[in-house]
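A.B. asks: Chain by chain, the residues run as shown.
Protein chains: 2
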Amino acid sequence: MLDWEHIFATRSSRMKASEIRELLKLLEQPDIISFAGGIPDPALFPDEEFKQAYSDIFSGPQVNAALQYSVSEGYKPLRDWLAGEMGKIGIECTAENVFIVSGSQQGLDYLGKLFLSPKDTALVTWPTYLGALSAFNAYEPNYDQLNPGGNRTPATYRDNAAKLGGSVKFAYLSADFSNPTGETVDLEGRKKLLELADELDIAVIEDAAYQSLRYDGEPVPPIMSLDIARSGGIEKTRTIYCGSFSKTLAPGLRVGWIVASTPVIRKLVLMKQAADLHSSTINQLAIEHVASRGFDKQVAKVKAAYSARRDAMLAALEKYMPEGTRWTKPEGGMFIWLTLPEGMDGAALLAKSIATEKVAFVPGRAFYADGSGANTLRISFSCANEAMIEEGMKRLGRLIAAAQVNELTNETIAAI
Amino acid sequence: MLDWEHIFATRSSRMKASEIRELLKLLEQPDIISFAGGIPDPALFPDEEFKQAYSDIFSGPQVNAALQYSVSEGYKPLRDWLAGEMGKIGIECTAENVFIVSGSQQGLDYLGKLFLSPKDTALVTWPTYLGALSAFNAYEPNYDQLNPGGNRTPATYRDNAAKLGGSVKFAYLSADFSNPTGETVDLEGRKKLLELADELDIAVIEDAAYQSLRYDGEPVPPIMSLDIARSGGIEKTRTIYCGSFSKTLAPGLRVGWIVASTPVIRKLVLMKQAADLHSSTINQLAIEHVASRGFDKQVAKVKAAYSARRDAMLAALEKYMPEGTRWTKPEGGMFIWLTLPEGMDGAALLAKSIATEKVAFVPGRAFYADGSGANTLRISFSCANEAMIEEGMKRLGRLIAAAQVNELTNETIAAI
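Going line by line, the protein sequences match chains A and B. Residues are numbered in this note's numbering as their position in the first sequence, beginning at 1, plus a constant of 26. Residues are numbered in this note's numbering as their position in the second sequence, beginning at 1, plus a constant of 26.
Chain A on its own, in the form it takes in the complex (with noise of 0.2 Å):
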């Protein structure tokens, strides 16, 4: 066998196994009861209006342009669409600042391609989503610590990145609900990561992916609506939003989106078109089909079912977390976080419950740039029924409770 190693580029040494997906490889013997995945339920997928908008397209004039090569921007008047649901959240922009990407993930391959070159910093939050990160790394960044609503001078994050060799980028943040933690970003929060951006002279990424699945309380404005109201319009901005539909229609198309101002979608336009061409013309046009039709209405269908989940997995948790645990509350998405007592590891109790309560999650570790978060987790409800929560919550109630215990001992242990 050849030494690949020597002749791959500098960059191929952090591409790395995803903890998550090499997890859920393990994770899928029939006993285990996850909440490791973040997936949506398959069973309030629209497979009925997917099936419709393939049969049309089949059956109309359209048949010969679905599977021929497409502009690389995206299918017209999905992009068209998006742009009226974009007005309705405050985001006045037209198809021209609109562009189609195969999934919202590689949206963040793609803006992490534009900005970063190595050695270049990224403001993430700790903890902040895993796919971000794995996208990021590939372009060989330094990371320094998001903190929105915090009061660290511009001048740290400045000085930081200098001393690495490079500048600050971007900041890139999930303000809604979040992946991992559930948690939202308040309004004052993002206008003060405005400013900093400002101060910064750098890009905002707003990871919109579960802003749509708000349950209950005050939707907050997006970033981006914000940083349109104070600068007057899109082409001023400098907020880049991604968006996402494989949370409430199907992630199985691979259709997403980025809504910026124009030099930047230029920009990602000619990227798309060296890299791939174009994202698949026959799914943009299923997917235009199925969201111009009954987007609000499958929304609503998702946001029931979920919604309900999270009561339940809130309650739950209630009952059977011992003391000394802490969790999320989120209004919305797919997750919760929980913070386990002190020392306790994340990674060391999965590996337990595998042997013995046979509960699923994902240790939280792996979500922080620095390799902190040790003792924190993620459990999601989105395909979680509810006998599943209450039988999990009691298994993974049990297992921290024992983990307490055994600690307790061994410090106990030590101590002597």
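I should point out that these hints are in silico values taken from the structure, not numbers from a laboratory. Check before you lean on any hint, since a few could be wrong.
Any copy will do: because identical chains look the same in the list, a pair fits if it lies in one copy or spans two.
Distance condition first, Cα-Cα at most 20 Å in a straight line; then the derived SDA-like pairs of lysine to any residue [stated by the list, open to error]: (1) Lys42 to Ala392; (2) Lys102 to Gln324; (3) Lys42 to Ala413; (4) Lys145 to Arg37.
Start from chain A and add chain B according to the hints.
C.D. replies: Okay, now just chain B, sitting in the frame of chain A:
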């Protein structure tokens, strides 16, 4: 508006509009006879077969899986089918050696990302596929001229690359009916290329986009099959094979594949996981459905149509081209490559053509990594009917003849 340029990564300066794509926009005027595009004829798409495929998916037990997230390496039944197909052309492999990409263009992007650090050198033919140059450019390489069958010593490649601050990483070529020339590298050339790759210890990227579209002549074994035959198995090869369904089934689904030894495949899977998770699940199922039921029949249909068009174009070239113009005689594919009389410029000729003869083609210079090739041009016969070909070649011949006269006149004037 913000000054975005100063926060874009250095690589973004090499992302420029593709000359071909920009041209295609101009050439959509209805009175132009175009041989510019290299796209498949939509009249040949197996649309009934695809209609059946999507219909079966939505009526069967796979519907939820088709709309859900799936594994980064690709749909296993499709990879199995491809492994079988590869075996038929001397590329013995298993599904573990097959990786699904969103079109073979994405394969080229990923291979650039995997191998090229800034300042490394990629070997490409002069001319080469423009899309390969665009994909690789994002990784800021240098290029050196690959001449399969030529006698340049490995040392000169190594020295050139070192002078430019990197090393040679791979040789990229389309060996069968290449885009843009239509030419095929013979057995001797392929063997010498593998020897050169051995001496340089680099990868060979075999772009097989047109390989199954042979209309006559004897098939030459794929480079990868020669590599397997001499090295004793796919795990010992240095060749990476890129396949496409875009020229045989349909491009709009964005499904292609890569075949390589497992260390390469494993890295590519990690890269895809970080970059876009996976290619469209439903489209992979649809491609597998159509390909496994009638790939050979569809290929035969496409070949019969394109073969007749190639014959018509070669006959018309013979009839109408003025002396001093040369062209290739491809045994397959979609393209013929014209060399104009010395001193004539393909881009200037196109500008004249749009004003006078209204026949469109692609000036050849864009296909040269060094910007040479001004007196060349590419014409495609894939979407042309016989009347178009007859009329188009008549006009093109007249255009070249007139340009020759003008050129002589100008020269004469200059000599006075």
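A.B. asks: For a quick check of understanding: which of the numbered hints are violated here, in increasing order?
C.D. replies: Structure breaks hints 2 and 3.
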